[in-house]
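S.K.: Here is how the chains run, residue by residue.
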Amino acid sequence: MSLAGSRAEAAPLFTLENISRRFRNGTEALVGVDLTVGRQSFVSLLGPSGCGKSTLLRIIAGLSEPTTGRIRWGAGSNAPHIGFVFQEPTLMPWATVAENVFLPLRLASQRRDAAASRISETLTALGLAGFEGAYPRELSGGMRMRVSIARALVTNPELLLLDEPFAALDEITRFKLNEDLLRLWQQHRWTVVFVTHSVFESVFLADRIVVMTPRPGRIARDHAITLPYPRDGALRTSAAYAEECRTVSTLLQEAMS
Amino acid sequence: MSVNGQRVAEIVAPAIVGVIFVAAWDTVVRIGHIPPYVLPGPLLVAKTLWHDGPLLLTSLLFTLRITAAALLAAVVVGGGLAILFAQSRILEISLFPYAVILQVTPIVAIAPLIIIWVNDPFVALAMCAWLAAFFPIVANTTLGLNSADRNLRDLFRLYGASRWQELVHLRIPAALPYFLAGLRISGGLALIGAVVAEFVASSGGTYTGLAARIAEAGYRLQIPRMFAALLLLSLAGIAIFGALSWLTRWLIGHWHESALPRED
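Here the protein sequences line up with chains A and B, keeping their order.
So the number in the working numbering is just where the residue sits in the first sequence, counting from 1, plus 46.
So the number in the working numbering is just where the residue sits in the second sequence, counting from 1, plus 3.
One or more hints might be untrue.
[Stated by the list, open to error] Quick list of simulated restraints, FRET-style, between CB atoms: (1) S166(A) - N149(B): 46 to 56 Å; (2) A154(A) - G83(B): 57 to 67 Å; (3) A175(A) - F24(B): 14 to 24 Å; (4) A154(A) - S248(B): 56 to 66 Å; (5) S165(B) - A121(A): 51 to 61 Å; (6) S165(B) - A180(A): 22 to 32 Å; (7) G256(B) - R157(A): 42 to 52 Å; (8) A180(A) - G83(B): 32 to 42 Å; (9) S95(A) - G256(B): 46 to 56 Å.
[Said to hold, decoys possible] Some residues of chain B that are not near chain A, with every Cβ distance over 10 Å (derived): (10) P17; (11) V126; (12) N154; (13) L155; (14) Q168; (15) H172; (16) L173; (17) P176; (18) A177; (19) I226; (20) H257.
[As the list claims (entries may be wrong)] To give an idea of the chain A side of the interface with chain B (calculated C-beta under 7 Å), a few residues: (21) F60; (22) S66; (23) L109; (24) L153.
Simulated from the structure, these hints should not be mistaken for lab results.
Note that CB positions come from ideal geometry on N, CA and C, so glycine has one too.
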């Protein structure tokens, strides 16, 4: 099931039109960004730090307003359910794992007992079964990040936004989380926008890589990854993967020079 | 050092210091033949404490009731103001300077006025103690309410949380450690405030708190009783601090960094 061809031309989830963002201190974070993201696609925003990819993600989430331009949602004019994963796990330290994952449902005024099965289902999917009552401080960095992803997924979002979620983790943990995230995406096919500065991570996960340049942030290249899904850890040692990584590295080099 | 060993040391080490101090005090009094109206020996103080115990305890209870009332009022008013400040920046800017003014004005200077203005002596004394106690709670809680994690606040916004939800589920839990730190300072200050107010008011003779006893004993040169009352006051202060520390551990010990055992 190759989906590379079906990316943008399939029903778009949203379209960014001429998005610019200037900070109060005059920095141009983003200039003239046009981007259409198709439903069920896995888009990676790749670029060095300072290229405005996090800002772009915040604009998509509605956490930040663009200075110019607008975002148009595909079906209907309303933003869909969004899950957001930050660079840090961003958990409430005073709440248990289950309470942290319950948060989005609680804010939607759901009752805890009504949400219980959804919570345990989500925790199990992320390998957190048995940790319901643990506090964040008792967990490793990788486990905390799993809780953070579980919280983003508990509402069954149409759009999942991730802002360099695994940047602070060691390589072994990162690989494992990449594989688990990919496995879940292959099952559920929410639309994903994944911000990263790792070529290897973006090639492994995404069906489309949008390369961005810094100062001011703009889109340099829009590159489809033709490696077929389902993918798993074995892909990392394949020649096709290495070839793709080389291509994307070159694109990134060109974008930065 | 093992956790158990450390716990034993936490009790034994200060106890040894205490024993050495009392022994030195006793030796100085004995060898120097210091008369009891200048410096009573520890044994005499203990005897006086035993003898005057019922009288002093009644007075202590009065002072403690003032302290408790003041602390409770400080929690309600201080916490309430902090929550109000967190809701509106303009309100915080408008009112915070006045909270500072109340804080920096010495209670000794205002106490006589309050005692003249307020007829009920208990209320008057409690108001003085409240003035001393409420600022650390306002200041700390305001800081705590404003220091909730930025990303968590964004997350609450993303999920369309109401102000009320953000306050209850994010800001108040995040502020709790700050509030408790303020409360521990305020506990001591409320006691000091009550004592200072009693000293100012004691010339009227209608107050029966422990500080009034100390002042009275001072006028009558009953120095051993002064010492006994002082000792009780210190013990009360330690007990308040201990109780509030216990409350802190009970409320946030399961998650907050400050309450975690260190493993080196």
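S.K.: Now tell me, hint by hint, if it's right for this structure.
M.R.: Going down the list of hints, with the structure as the test:
The hint said 46 to 56 Å for the Cβ distance between S166(A) and N149(B), and at roughly 35 Å that hint is violated. Between A154(A) and G83(B) the Cβ separation comes to about 29 Å, which falls outside the hinted range of 57 to 67 Å. Range check, A175(A) to F24(B): about 57 Å between beta-carbon atoms, so the 14 to 24 Å window is missed. Taking the beta carbon of each, A154(A) and S248(B) are about 38 Å apart, not inside 56 to 66 Å as hinted.
Between S165(B) and A121(A) the beta carbon distance is about 27 Å. The supplied range of 51 to 61 Å is therefore violated. For the pair S165(B) and A180(A), the beta carbons lie near 29 Å from each other, so the given range of 22 to 32 Å is met. Restraint check, G256(B) to R157(A): a C-beta distance of roughly 29 Å breaks the suggested window 42 to 52 Å. Remark: the range hint 32 to 42 Å for A180(A) to G83(B) is upheld by a beta-carbon distance near 34 Å.
A hinted range of 46 to 56 Å is violated for the C-beta pair S95(A) and G256(B), which are about 38 Å apart. Separation of P17(B) from chain A is adequate, the least Cβ-Cβ distance of about 30 Å exceeding the 10 Å criterion. With a closest Cβ-Cβ approach of about 37 Å to chain A, V126(B) is found to remain outside the 10 Å limit, as its non-interface label requires. Listed as outside the interface, N154(B) is inconsistent with that label: its C-beta sits roughly 4 Å from the nearest C-beta of chain A, within the 10 Å cut-off.
Not every CB of chain A is more than 10 Å from the CB of L155(B) (nearest about 6 Å), against its label as outside the interface. Against the 10 Å criterion, Q168(B) falls within the reach of chain A, whose nearest CB is about 6 Å from its own CB. A Cβ of chain A approaches the Cβ of H172(B) within 10 Å, the least distance being about 7 Å, so the stated non-interface status is violated. Once the 10 Å rule is applied to beta carbons, L173(B) is inconsistent with being away from chain A; the minimum gap is 7 Å.
The beta carbon of P176(B) sits about 5 Å from the closest Cβ of chain A, which is not more than 10 Å, so the claim that it is off the interface is violated. The claim that A177(B) lies off the interface is violated: its Cβ sits roughly 8 Å from the closest Cβ of chain A, which falls inside the 10 Å cut-off. Once the 10 Å rule is applied to beta carbons, I226(B) is consistent with being away from chain A; the minimum gap is 51 Å. A Cβ of chain A approaches the Cβ of H257(B) within 10 Å, the least distance being about 6 Å, so the stated non-interface status is violated.
A hinted interface residue such as F60(A) counts as satisfied when its beta carbon comes closer than 7 Å to some beta carbon of chain B; here the least separation is about 15 Å, so the hint is violated. Here the hint on S66(A) is broken, as its CB sits about 21 Å from the closest CB of chain B, past 7 Å. Using the Cβ-Cβ criterion of 7 Å, the hint placing L109(A) at the interface with chain B is satisfied: the shortest such distance is roughly 5 Å. For L153(A), the interface hint holds, since its Cβ comes within 7 Å of a Cβ in chain B; the closest pair sits about 4 Å apart.
In this structure, the hints that do not hold are numbers 1, 2, 3, 4, 5, 7, 9, 12, 13, 14, 15, 16, 17, 18, 20, 21, 22, in rising order.
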